[in-house]
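Student: Spelled out from the first residue to the last, the chains are:
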Amino acid sequence: MHTTTVVIGAGHAGLAVSHFLSARSIDHVVIERGEVANTWRTERWNSLRLLTPSWQSRLPGLQYDGDDPDGFMTMPEVVAFIERYARHVGAPVHGGTTVTSVRRSDGGYEVATDQGPWETRAVVLATGGFNRARVPAVAGAVPASITQVTPIDYRHPGQLPDGRVLVVGAAATGVQIADEVHRSGRPVILAVGGHVRMPRVYRGRDIQWWMDRTGLLDERYDEVDDLVRARAVPSPQLVGTPQRATLDLNALTDIGVQLVGRLAGVAGGKAQLSGSLRNQCTLADLKLGRLLDTIDEWQREHGIGEADPPQRFAPTRVVDSPPLTLDLGADIHTIIWATGYVPDYSWLDVDVLDRRGRLRHDGGVVIDSPGMYRIGLNFLRRRKSSFIHGAEDDARELVDHLTGYLAGAPPRRRHDVAVQ
Amino acid sequence: MTTTDTPIDNGVNVQALLDARDALTGAPQAAQFTWRASTEWVNGTHSNSKVEGFFGLGEEHLHRSTFSFDADHPAVFASEDNGATPVEYVLVGLASCLTAGVAAVAQNREIQLRSVKATIEGDMDILGILGGDPEVRNGFSGIRVHYDIDADATQEEIAALVAQSQKRSAVFDVITNPTNVTVDVN
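Residue numbers (our numbering), protein chains in the order written: chain A, 1 to 420; chain B, 421 to 606.
Because the hints were derived from the structure by calculation, they are not lab data. Here a beta-carbon is modelled for each residue, glycine too, at the ideal position from N, C-alpha and C. Treat the hints with care, as some may be off.
Calculated lysine-lysine pairs in the DSS-like style (CA-CA distance at most 30 Å, straight line) [to be verified]: (1) B:K537 <-> A:K287; (2) B:K537 <-> B:K470; (3) A:K287 <-> B:K587.
Chain A stretches covered by chain B per the calculated footprint, using a threshold of three residues with CB under 8 Å from any CB of chain B [claimed, not checked]: (4) 263–275; (5) 280–291.
Sequences are here, hints too, so could you generate the full structure?
Tutor: Spelled out as structure tokens, the structure:
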């Protein structure tokens, strides 16, 4: 079958791309291995809610209009919102269709699927950034008696054995799972590396409100000082709860979670922990201070209306001598690897990955592969790219670029076409 | 940060470092360095080490001159005290690495330094190395570094310099994280 553009993935980002393609009357299909919003349905834990308030869930042409704009959507609510968006867009979704390969062809790309191939001039990879858990190599040295779980498999604490749990990683996923597992009666030790500390509420407003209004989330990939670092920044220590609770390391210490340094190695049945915990916490406290300074300055100069007075939060508490080793067999029954996620490109038969397996792209325009685009990666084009509402600007700009490509670039010719 | 008429100069060529990062990201094999020292026993606990060459950017390099380091133990260890103890060299390595980092980060953040002083202490229970108590480790039980920094910057900015220098320090990483060590003999 032929089309002009194949969008792979019917999550919020792929559907936003479909919206702009339709607006420009570009013939396209959206191929989805499962149903719309598949990952939100099948690869998230039960209690998860968005860490962005509902008012912030806006997609091109559709805004949240429910009765709890300051609340945080549960996964069924997210799925319902994205389903509604798919209907709103009228997206040509081909569900239950798994892409098995993407390769170059004469006129652009051939997208092979288990339901037959598509010939297309352009292809947009909207397959999500969180396809697989990134588990460090040291996991291979963990004794077999210990249960190892990734956030993709994790559903609820009841699936874990009783006993002590080591949660590795203190970004949003790690702190949320640590909190839930510890409250289930399984004592948690949290291994903490680089992290981003944030209060849920600041000066009476959700922290996301401040990030949104001050323009911090709009910072562009081609303006940021250090893009490599910006793209590697862990997700903030935030959770969406009806109580609008702050879930920083002090909150976890308060309920009895034990903080230890980054997991540096596993040898002889022992986990080796970095001695850098204090500095990691200092870095995060200082960075939080700079964020709050920025917010306060914005409020002074541009703020509209009243805000509660400025506030500074107590430094992260670190015990004098955090342990440097854990006896895994004796102390720990389960390890949860909250060490990040990586996209899966195993089906991509085009030479566009770097030596670390990352896609080479310039703000979502894939390098050295005209007509190929990517959406839905951390800081793809803006700091907000990984948020639901970040899809709109990215999708619009990428479809602009794609439109120019379709208009200007003649189909590539095969080398063996006879010269006349 | 205050505005000055003269450009910020801490004597660090940050542009060269940033250029190197860009160049080496594209040619990662050139980023593989090997650092070396050679050590010869003199007498008793006294040894002399020399640092002369290293490998990097795909080739061998020589320092401007050969650096020589005597190590020994003090009289309370019944030694002759011909040089600093090896563990003191570790402290020197950490403090000098962090201090170089402070200068480089300050340059990058356009903060003029006037003086940077570090004092460093490492605590050790020597029953470990003497084999007197199997529960005691050989190495430091803790290391403390204290900085006195005078610079055109706020307290928070100075604290951030020190924190960032730890984040990017090779020796801080060597001390705080495990490293595989292989020792063989002819």
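Student: Hint by hint, note whether the structure agrees.
Tutor: These are the hints, each one checked on the structure:
1. At most 30 Å may separate the alpha-carbon atoms for a hinted pair to count; B:K537 and A:K287 meet this at roughly 24 Å.
2. This hinted pair checks out: B:K537 and B:K470 have alpha carbons roughly 27 Å apart, not beyond 30 Å.
3. For the hint linking A:K287 to B:K587, the alpha-carbon distance of about 13 Å falls within 30 Å, and the restraint holds.
4. Here the segment 263–275 of chain A counts 6 residues with a CB under 8 Å from a CB of chain B, which clears the bar of 3, and the coverage holds.
5. Given a C-beta distance limit of less than 8 Å, the hint that chain B covers the segment 280–291 of chain A holds, as 5 residues qualify and 3 suffice.
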